[in-house]
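Peer 1: Let's have the full structure, built from the sequences with the hints guiding it.
Protein chains: 2
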Amino acid sequence: MSSTNVGRITIHDVAAAASVSIATASKALNDTGRMSVETRARIRRVAQELGFRPNALARSLLSKRSFTVGLLTNDTYGRFTLPVMAGISEGLIDHGVSVFLCAIEDNPDLAKLHVDAMLDKQVDGIIATGRRIDKPLPVDLSHLPIPIVYALMTGPADAVALVPDDRQGARDAVNHLFDKGRRRLVHVTGPASFKVVEERTHAFRDALATAGMTPSEAQILTGAWSEQWGREAVEKLWSQENPPDGIFCGNDQIARGVIDALREKDVGVPNDVSVVGFDNWEIVAEQTRPPLTTVDMNLKELGRQAGRALVRLVNGEIVEPGVSKLPCTLVIRGS
Amino acid sequence: MSSTNVGRITIHDVAAAASVSIATASKALNDTGRMSVETRARIRRVAQELGFRPNALARSLLSKRSFTVGLLTNDTYGRFTLPVMAGISEGLIDHGVSVFLCAIEDNPDLAKLHVDAMLDKQVDGIIATGRRIDKPLPVDLSHLPIPIVYALMTGPADAVALVPDDRQGARDAVNHLFDKGRRRLVHVTGPASFKVVEERTHAFRDALATAGMTPSEAQILTGAWSEQWGREAVEKLWSQENPPDGIFCGNDQIARGVIDALREKDVGVPNDVSVVGFDNWEIVAEQTRPPLTTVDMNLKELGRQAGRALVRLVNGEIVEPGVSKLPCTLVIRGS
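Residue numbers (full-length UniProt numbering), protein chains in the order written: chain A, 1 to 335; chain B, 1 to 335.
Mixed in with the good hints there might be a few duds.
Same chains, same names: a pair is fine if it fits in one copy or spans any two.
Stated by the list, open to error - Listed below are the simulated BS3-like cross-link pairs for lysine-lysine, each with C-alpha atoms no more than 30 Å apart in a straight line: (1) Lys-112 / Lys-300; (2) Lys-265 / Lys-236; (3) Lys-236 / Lys-300; (4) Lys-325 / Lys-265; (5) Lys-300 / Lys-135.
Everything labelled a hint here was simulated from the structure, so no lab data went into it.
Peer 2: So this is what it looks like as structure tokens:
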């Protein structure tokens with residue numbers, strides 16, 4: 001809690017000490033909003049006792065802000081959205097900001113209804129996120145009267161967007177396989193229509209070329225995002241001459257299927273073949289035998305940075321538009 | 001969309017036709033809130049053109065309501081919360097209600113901050129949900145000035161709460177094993193400290209007793225909620241005389257571990273042993289070999305009913321307090 005940070009008393013401390021919300025404290029100190037005379041006087045007294053002194057900038061902001069950020073998503077499964085949300089919350093908690101998540105389906109009318117509800121609630125800004133980096137939400141946010149940041153989604157050309165650096169993550173995965181002495185590499189990944197498949201495949205080819213190899217199309221197998229596809233890919237690869245000694249998988253479920261199929265063929269992982277996944281979905285990666293080495297997209301950090309970018313926009317600061325790519329991290333386990 | 005339902009024009013239709021939010025339409029028609037004279041006139045014109053006629057009750061509600069429901073959760077993983085949220089949204093969409101999710105950690109100060117933010121936003125009511133049925137949220141909601149409904153959580157004694165009927169679900173699972181001709185049953189489940197473990201274990205014992213058997217403690221194995229524990233349990237059971245021919249697992253991950261371990265022992269599922277899980281976590285259940293027969297807690301339906309109960313409370317109707325248990329469904333797959 002920032003109340004232990006005696007050097008600088010924030011609106012958060014005043015709100016906590018007066019047992020009111022940040023927004024109520026803000027209104028009391030700015031003589032705006034509706035509340036009883038007693039409440040307003042009490043909050044001002046608490047602020048004075050704590051020695052709260054907003055600077056001029058903060059004062060102007062306090063009067064305008066609602067200390068709420070809306071998070072819009074169409075990822076109803078939540079696997080990607082919830083870590084992003086946790087990061088936004090963590091990054092903004094010192095600012096006393098609450099994050100409200102609103103899940104929209106792919107119905108534009110309903111999406112508009114929910115966006116309007118957020119505007120009605122006077123959120124300070126909206127972070128848009130979703131299931132797929134390459135699929136926009138079914139609602140145009142570009143003309144809203146509040147700042148918008150896109151997280152795990154690219155948005156329009158002049159928008160502020162943050163996405164994981166898929167190519168760097170994939171490159172690290174392939175280089176890890178090289179470091180393990182693997183030379184016969186294949187990439188088993190999801191449907192070719194996904195942007196992330198394109199990005200990771202590009203990085204796979206690039207890393208091979210950089211290592212002086214000539215990547216062939218036979219080394220890239222696209223299919224479903226599922227364990228079953230991972231198992232099928234192993235069947236296919238081991239029915240041919242000269243099977244691979246290193247497999248980079250497009251997600252952790254494919255990697256799980258690959259490793260299960262190899263074990264059932266008595267092919268040792270990591271002794272005979274090294275396997276790397278993508279996502280670091282811990283519930284899968286940690287239970288794989290051996291535990292899965294995989295690429296973490298650092299979604300929590302991405303959320304944290306998206307939240308901070310939004311606060312800068314809300315504060316009227318300039319944030320360079322365009323897509324920022326944030327680094328992925330290779331998490332090395334046993335595979 | 002209800003706009004096709006020409007027999008009854010709702011505030012939703014007016015809002016959609018006027019391209020404003022439900023709350024704005026409501027304010028325009030009730031002469032409350034702030035908006036330009038032009039906007040108010042336009043919305044009223046649209047309402048008239050559509051033939052919108054609120055009845056007396058609706059009129060009184062329209063003037064007071066914000067058409068937003070807050071959903072509080074401490075389930076940051078979201079596996080249980082997101083289906084509940086989807087159900088609430090679906091159940092309330094005809095009422096033009098948006099659901100805002102706010103994730104709270106186990107820090108009471110921060111939880112209070114977020115609850116205050118929801119009150120500030122004048123949500124019509126709050127639905128509380130979480131990771132565990134038997135662990136309350138770190139904030140007392142019982143004295144808030146708005147209605148509260150607990151979903152997948154019991155709450156205080158006089159609260160309206162909805163939880164899955166764990167005993168009935170477990171009973172159905174055990175009876176399914178009996179129907180398959182299985183008689184040597186064991187229950188492999190999670191940590192004994194969980195209420196759901198207690199409930200499902202109770203139902204397991206009960207079902208055995210009803211079938212004229214005397215359940216022994218050796219038939220109940222508690223451990224972690226993990227695949228690894230499922231595999232360990234199989235090692236243990238198959239190192240003893242007379243291993244089981246039917247295994248009821250406390251969740252799908254344990255069941256996944258059990259089935260993997262049995263396959264590696266060349267014990268046939270479902271030929272030699274039948275296995276039933278709990279949760280119907282599709283990403284696990286469908287990829288298990290064979291696909292897993294498991295109990296679905298119908299969380300979406302639970303969310304839908306929680307949303308409706310909240311709307312009734314918001315409308316001033318009486319909702320019987322207490323814990324309602326909603327039926328679970330056995331989903332039969334191949335195991």
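Peer 1: Which hints, by number, does the structure contradict?
Peer 2: 3, 4
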